[in-house]
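Let the hints inform the model, and build the full structure from the sequences given.
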Amino acid sequence: MSLIKQTGGFVPRDRSWQPDALTPTYKTSIKRSPQAALLSFPTTLSEETSPVFGHNLIGELDNDLILNYAHAGESAIGPRIIVYGRVLDEMGRGVPGALVEFWQANAGGRYRHKKESYLAALDPNFGGCGRTITAEDGSYEFRTVQPGPYPWPNGMNDWRPAHIHFSLFGHGFAQRLITQMYFEGDPHIKLCPIAGALNNQKAIDALTALLDMHRTVPMDSRAFKFDIVLRGQRQTYFENRKEGL
Amino acid sequence: MVQKLEYLRESPSQTAGPYVHIGCMPNFTGIDAYGGDLGTHMKTGPVQGQEITITGIVYDGMNTPLRDAMIEIWQPDAAGLFPSANETRGQPDPNFTGWGRSPGDSSTGEFAFHTVKPGAVPYPDGRMQAPHITAWVVARGINIGLHTRIYFEDEVDSNAADPILSRIEHPSRIPTLLAKKTGEGAYRFDIYLQGPNETIFFDI
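For the protein sequence lines, the chains are L and P, in the order given.
Count the first sequence with the UniProt record's numbering and you get residues 1 to 245, in order.
Count the second sequence with the UniProt record's numbering and you get residues 1 to 204, in order.
If you are wondering where the hints come from, they were derived from the structure by calculation, not from laboratory data.
Some hints could be false.
[Claimed, not checked] Stretch by stretch, here's where chain P covers chain L in the computed footprint (C-beta under 8 Å, at least three residues):
1) 35-49
2) 69-83
3) 176-187
4) 190-198
[As the list claims (entries may be wrong)] Pair by pair, the computed Cβ-Cβ distance ranges are:
5) P12/L with K4/P: 14 to 22 Å
6) G183/P with D220/L: 53 to 61 Å
7) N27/P with R222/L: 28 to 36 Å
8) P171/P with P24/L: 27 to 35 Å
9) K43/P with S40/L: 49 to 57 Å
10) A121/L with E51/P: 43 to 51 Å
11) G61/P with L211/L: 40 to 48 Å
12) P124/P with P153/L: 44 to 52 Å
13) P122/P with M213/L: 50 to 58 Å
14) T88/P with N56/L: 17 to 25 Å
C-beta: ideal position from N, C-alpha, C; glycine also.
In structure tokens, the structure reads:
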């Protein structure tokens, strides 16, 4: 079993494609955005290494939000969906062994959190969190209910599009990424100051999952495809690379 | 035939929002899951080197503590080896994970990491970097996670020779990257998102 013998630097992040820190229409960013220029330098071992998360970390229902918080014999309320895709790097290579964590509001648009103030009902059978580890080809999938849009205190009447939050942990700390997945056709996307922080329709499209009728489970769940791209690294990938490393 | 470079673009970042703890530290929010939150314990047994605790608060531009942030750190062990699959220089401390995740206290915002003082690691050109910890901050209002580093104020000589600290254009900002020693094995590292003490953040 051959392990990676060397680690290469990560390619620079394209800051023009990423959202600016200060996006005033998203009001919280005004006092939480650094004002000084970021300090740039090539990645070092501190950024090119990362902890290992193995498949044995994951429990049987961790990737099933319909059942992982439900009482025995019950299930979460809402449109049942499968979210699936691949975690790739910028060179198009699958990223195996990546930790993918996700969280979301329930079908009514309410989070299970003590600071949540939206009056939509809590679903007693829905916790709202899950996780998985990508397979050898970088693929992942999980089952959940489609979250609802919800109002939030930004403007007088701002609503977040239906979305699922994603946290990604790849092969280097420099790849660390948190993002959100939106749903194809949601009219709230173009009204949302957070999606609008991207200031680029192609970037928003990259976060918009597509309905895939071929991946549905008939009479059960629809499916949405969502690929995620992490930063590329200048290194040799070996075909016999151990899963999860 | 024209050869076109078909690279992909990194997925755009979006804010972690106010409920990042639901997804990354569900037990902290009262959702009992997974048998415990990831990154809570960095030491899984007796560790080599000096055990230290680092505490701090993330402040916004009004000097108000963030109480909905998530802070992650990543560091080598006391010998400077990373507990990582792509560490090839030696065998890292088996009882040290190198990775920590803290939500901060829900009322004060104070985060805490119980870890070990890291060893020095080389820069790509072979020079040694001063002992440091890589830190990453996400929260509501932060559109893309902020990378910074925690160096130690009592590592005077190695800090002076550090290839990154020594390239900082405004030396008055260097202290924003230095954890202050507050006791035996105790360090303080506050993070300022804005203002005269704004922490240096990295584009790496």
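Note to self: Just to be sure I understand the hint, the distance between the Cβ atoms of G183/P and D220/L should be within 53 to 61 Å; is that true here?
What the structure shows: holds (58 Å)
Check: Per the hint of 43 to 51 Å, is the separation of the Cβ atoms of A121/L and E51/P within bounds?
Finding: holds (47 Å)
Note to self: Is the coverage entry for the segment 35-49 of chain L by chain P consistent with the three-residue Cβ rule at 8 Å?
What the structure shows: With 14 residues closer than 8 Å to chain P, the segment 35-49 of chain L meets the three-residue bar; holds.
Next item on the list: Starting from the range 28 to 36 Å, see whether the pair N27/P and R222/L falls in it by beta-carbon distance.
Entry: Holds - the Cβ-Cβ distance for N27/P and R222/L, about 31 Å, lies within 28 to 36 Å.
Notebook entry, point to check: Three or more residues of the segment 176-187 of chain L near chain P by CB distance under 8 Å?
Noted result: holds (count 5)
Next item on the list: Evaluate the given range 44 to 52 Å for the C-beta pair formed by P124/P and P153/L.
Entry: Taking Cβ atoms as reference, P124/P and P153/L lie about 46 Å apart, which means the hint holds.
Item checked: Status of the given 40 to 48 Å range, CB of L211/L versus CB of G61/P -> holds (41 Å)
Margin query: Between the beta carbons of P122/P and M213/L, is the distance compatible with 50 to 58 Å?
Written below: Check passed, 52 Å falls within 50 to 58 Å.
Check: CB of K43/P to CB of S40/L, is that within 49 to 57 Å?
Finding: At 33 Å between Cβs, range violated.
Margin query: I want to verify a distance hint. Is the separation of the beta carbons of P171/P and P24/L within 27 to 35 Å?
Written below: Holds, since P171/P and P24/L (Cβ atoms, about 32 Å apart) stay within the stated range.
Check: Are at least 3 residues of the segment 190-198 of chain L within less than 8 Å of chain P when you compare beta carbons?
Finding: holds (count 4)
Note to self: Quick check: does the Cβ-Cβ distance between P12/L and K4/P fall within 14 to 22 Å?
What the structure shows: For K4/P against P12/L, whose Cβ atoms are near 21 Å apart, the range 14 to 22 Å holds.
Of the numbered hints given earlier, the model fails hints 2 and 9; all others are met.
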